[in-house]
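Asks: Top line first, the protein sequences correspond to chains W and L.
Counting the first sequence from 1 gives a position; the working numbering is that position plus 112.
Counting the second sequence from 1 gives a position; the working numbering is that position plus 112.
No lab work stands behind these hints: they were computed from the structure.
Quick caveat, the model's predicted, so the values are computed rather than measured.
Don't take every hint at face value.
Since the list gives no way to pick out one identical chain from another, each pair is judged satisfied if it fits inside one copy or across any two copies.
[Claimed, not checked] Computed cross-link-like contacts, SDA-like style, restricted to lysine to any residue with a CA-CA straight-line distance of at most 25 Å:
1) 210 / 430
2) 210 / 265
3) 262 / 293
4) 262 / 294
5) 308 / 267
6) 437 / 260
7) 407 / 432
8) 308 / 338
9) 210 / 438
The lines below spell out each chain.
Protein chains: 2
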Amino acid sequence: MSIRVGIYGYGNLGRGVECAIRQNSDMELACVFTRRDPATLEIKTEGVPVYHIDKAVEMKDKIDVLILCGGSARDLPTQTPEMAKLFNVVDSFDTHAKIPCHMANVDAAAKEGGKVALISVGWDPGMFSINRMYMGAVLPCGKDYTFWGKGVSQGHSDAIRRIEGVKNGKQYTIPVDAALEAVRSGSEPELTTREKHTRLCYVVAEEGADKARIEREIKEMPNYFADYDTTVEFISEEELLRDHSGIPHGGFVIRTGKTGEDLQNTHVIEYSLKLDSNPEFTASVIVAYARAAYKMHLEGQSGCKTVFDVAPAYLSATPREELIKNLL
Amino acid sequence: MSIRVGIYGYGNLGRGVECAIRQNSDMELACVFTRRDPATLEIKTEGVPVYHIDKAVEMKDKIDVLILCGGSARDLPTQTPEMAKLFNVVDSFDTHAKIPCHMANVDAAAKEGGKVALISVGWDPGMFSINRMYMGAVLPCGKDYTFWGKGVSQGHSDAIRRIEGVKNGKQYTIPVDAALEAVRSGSEPELTTREKHTRLCYVVAEEGADKARIEREIKEMPNYFADYDTTVEFISEEELLRDHSGIPHGGFVIRTGKTGEDLQNTHVIEYSLKLDSNPEFTASVIVAYARAAYKMHLEGQSGCKTVFDVAPAYLSATPREELIKNLL
Numbered sequence: 113m114s115i116r117v118g119i120y121g122y123g124n125l126g127r128g129v130e131c132a133i134r135q136n137s138d139m140e141l142a143c144v145f146t147r148r149d150p151a152t153l154e155i156k157t158e159g160v161p162v163y164h165i166d167k168a169v170e171m172k173d174k175i176d177v178l179i180l181c182g183g184s185a186r187d188l189p190t191q192t193p194e195m196a197k198l199f200n201v202v203d204s205f206d207t208h209a210k211i212p213c214h215m216a217n218v219d220a221a222a223k224e225g226g227k228v229a230l231i232s233v234g235w236d237p238g239m240f241s242i243n244r245m246y247m248g249a250v251l252p253c254g255k256d257y258t259f260w261g262k263g264v265s266q267g268h269s270d271a272i273r274r275i276e277g278v279k280n281g282k283q284y285t286i287p288v289d290a291a292l293e294a295v296r297s298g299s300e301p302e303l304t305t306r307e308k309h310t311r312l313c314y315v316v317a318e319e320g321a322d323k324a325r326i327e328r329e330i331k332e333m334p335n336y337f338a339d340y341d342t343t344v345e346f347i348s349e350e351e352l353l354r355d356h357s358g359i360p361h362g363g364f365v366i367r368t369g370k371t372g373e374d375l376q377n378t379h380v381i382e383y384s385l386k387l388d389s390n391p392e393f394t395a396s397v398i399v400a401y402a403r404a405a406y407k408m409h410l411e412g413q414s415g416c417k418t419v420f421d422v423a424p425a426y427l428s429a430t431p432r433e434e435l436i437k438n439l440l
Numbered sequence: 113m114s115i116r117v118g119i120y121g122y123g124n125l126g127r128g129v130e131c132a133i134r135q136n137s138d139m140e141l142a143c144v145f146t147r148r149d150p151a152t153l154e155i156k157t158e159g160v161p162v163y164h165i166d167k168a169v170e171m172k173d174k175i176d177v178l179i180l181c182g183g184s185a186r187d188l189p190t191q192t193p194e195m196a197k198l199f200n201v202v203d204s205f206d207t208h209a210k211i212p213c214h215m216a217n218v219d220a221a222a223k224e225g226g227k228v229a230l231i232s233v234g235w236d237p238g239m240f241s242i243n244r245m246y247m248g249a250v251l252p253c254g255k256d257y258t259f260w261g262k263g264v265s266q267g268h269s270d271a272i273r274r275i276e277g278v279k280n281g282k283q284y285t286i287p288v289d290a291a292l293e294a295v296r297s298g299s300e301p302e303l304t305t306r307e308k309h310t311r312l313c314y315v316v317a318e319e320g321a322d323k324a325r326i327e328r329e330i331k332e333m334p335n336y337f338a339d340y341d342t343t344v345e346f347i348s349e350e351e352l353l354r355d356h357s358g359i360p361h362g363g364f365v366i367r368t369g370k371t372g373e374d375l376q377n378t379h380v381i382e383y384s385l386k387l388d389s390n391p392e393f394t395a396s397v398i399v400a401y402a403r404a405a406y407k408m409h410l411e412g413q414s415g416c417k418t419v420f421d422v423a424p425a426y427l428s429a430t431p432r433e434e435l436i437k438n439l440l
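Let the hints inform the model, and build the full structure from the sequences given.
Replies: Right under this line is the structure:
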């Protein structure tokens with residue numbers, strides 16, 4: 113019998129989850145929940161119902177895992193605890209500083225419901241976090257670094273678009289090659305924010321707008337751009353839509369460390385992602401962890417878990433004996 | 113209280129484990145077991161006793177985890193099951209084809225003793241296996257590739273040294289850059305053995321030996337070299353000792369996969385290691401898993417486990433709350 117998965121929220125991430133479920137033959141999409149009028153929502157999977165989120169409680173026994181596809185700022189802090197009382201859930205809560213608080217809320221709810229809740233699943237937090245953890249455990253005398261990009265930052269793109277005279281815009285975060293090389297050398301450099309990443313902005317200006325002012329406002333924007341070497345390029349709306357409509361992302365986690373009697377030997381561990389679609393990859397990670405949540409619940413576990421708490425074998429649809437035979 | 117670790121077998125790996133334990137403040141070396149006369153063994157840690165392996169049973173209650181540092185061909189198939197009856201154990205059994213059989217033997221023994229036995233720990237099998245597993249679970253529609261090197265292959269170096277007229281020799285396995293690039297492109301190429309790796313041999317010939325014959329014998333050696341583009345370079349013994357006395361190794365696990373409604377998006381996940389010392393890095397991985405074996409045993413688990421069965425958090429000395437706060 114398949115694992116019945118529900119999708120709660122049907123934006124970029126929800127659509128990615130829908131696609132990912134199709135790639136996993138042990139899973140099926142049970143239904144999609146939306147805040148909109150369900151009649152207005154067209155989903156890609158034939159024969160699967162769309163319900164208003166108010167109906168979720170009625171689906172309690174028809175869904176094995178509910179995947180929460182809302183945003184970390186406004187949706188997940190309330191949705192995940194609410195839903196964890198009713199379902200095994202997975203979310204991609206990514207406001208790093210607020211994870212411990214979110215965790216406490218979700219843990220209480222999941223324990224109340226006897227369900228497993230996996231939070232902060234994706235690639236960062238997610239696969240990058242796991243790698244930081246494995247690397248640090250294996251090489252205690254060392255230092256790790258995370259670089260992001262080349263990829264589109266939604267938050268920074270939004271910030272550009274809020275500037276007066278900007279019609280549209282897209283921002284790429286780009287890791288600095290020299291910094292990557294310095295890290296890989298094992299020298300454990302201290303790197304400033306400016307040394308690690310640059311920011312590249314493609315901006316479509318309103319007709320007659322003062323481009324010099326727009327460029328200055330971007331480059332001087334505190335938190336977002338002031339601490340970085342930022343490049344601003346003005347392009348036409350056609351160019352923006354033609355060349356910059358994707359949502360690529362990726363990055364690097366690198367740890368270097370020393371071993372040996374006199375710490376004479378250096379080791380470099382590197383994990384990297386190069387993603388054509390940030391939401392679709394995030395969705396793929398989440399769907400693998402949905403399987404894990406289901407298996408852990410079957411074993412009688414409950415409460416809030418993170419990627420640190422999940423043994424790798426839970427993620428796979430392949431029986432353990434085959435994993436050991438073919439992948440170990 | 114520290115985790116008391118025993119070392120069983122004091123070769124390159126055992127010495128690496130001894131160094132690695134010092135980097136982990138929650139662990140201490142309890143003793144070293146050897147097949148040799150203990151009086152002849154000098155270890156690096158002051159005040160730690162060396163015993164003959166026959167004494168192991170007497171240390172049953174004084175060791176929390178025993179790390180087996182013998183070889184996969186002759187030592188571990190008997191040593192790991194024997195010791196798993198008495199101790200939580202970790203080994204680095206790496207004869208891939210025989211892992212299921214080894215696993216069955218060790219599982220029966222560990223369950224009999226109520227102990228946790230972690231087998232096939234290191235980097236391949238080990239960290240590479242975990243990465244193959246995570247990558248495959250996250251991107252089911254894709255293909256993964258493992259490349260080894262640049263690094264010293266002990267087995268191939270030994271094969272060279274068995275040839276008549278060879279005084280000494282060292283073999284490096286080198287991944288082919290073009291193959292790596294083809295894999296990273298996402299084209300999922302079919303690669304032959306010859307296309308993936310080359311082999312580079314540094315050979316010290318006996319005086320007056322027929323170098324042309326030695327070179328031919330190496331290049332034509334079945335299994336070891338015949339399927340590869342092999343380069344043979346004759347050097348002096350001084351050069352060999354000066355430039356090739358290290359045991360570096362490493363490699364790459366790369367998976368590319370597709371997502372999206374029409375599989376239009378490609379993703380590349382890459383994990384790589386660049387190691388100055390193969391045995392010391394292997395030892396560092398093993399020591400982290402020794403911590404895991406100890407924690408799992410404390411929780412009441414028993415039997416034979418692999419890296420697939422161990423949740424990442426078990427490897428770390430850092431409390432879960434801090435891991436979540438700092439690494440997630």
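Asks: Given a CA cutoff of 25 Å, do residue 210 and residue 265 count as a within-copy pair, a between-copy pair, both, or neither?
Replies: Within one copy only: 20 Å inside a chain, 47 Å across chains, cut-off 25 Å.
Asks: Under a CA distance limit of 25 Å, which applies to residue 210 and residue 438: within one copy, between copies, both, or neither?
Replies: between (39 Å within a copy, 12 Å between copies)
Asks: Quick one: residue 308 to residue 338, C-alpha cut-off 25 Å, is that within a copy, between copies, both, or neither?
Replies: within (14 Å within a copy, 46 Å between copies)
Asks: Cα distance capped at 25 Å. Does residue 262 pair with residue 294 within a copy, between copies, both, or neither?
Replies: both (18 Å within a copy, 20 Å between copies)
Asks: At most 25 Å between alpha carbons: which applies to residue 308 and residue 267, within, between, both or neither?
Replies: Within one copy only: 19 Å inside, 41 Å across.
Asks: Regarding residue 437 and residue 260, is the shortest C-alpha distance of 25 Å or less found within a copy, between copies, in both, or in neither?
Replies: between (35 Å within a copy, 20 Å between copies)
Asks: Since the copies are identical, ignore which copy is meant and state whether residue 262 and residue 293 lie within 25 Å (CA to CA) inside a copy, between copies, both or neither.
Replies: both (16 Å within a copy, 18 Å between copies)
Asks: Regarding residue 210 and residue 430, is the shortest C-alpha distance of 25 Å or less found within a copy, between copies, in both, or in neither?
Replies: between (35 Å within a copy, 20 Å between copies)
Asks: Given a CA cutoff of 25 Å, do residue 407 and residue 432 count as a within-copy pair, a between-copy pair, both, or neither?
Replies: both (13 Å within a copy, 22 Å between copies)
The structure shown violates none of the earlier numbered hints.
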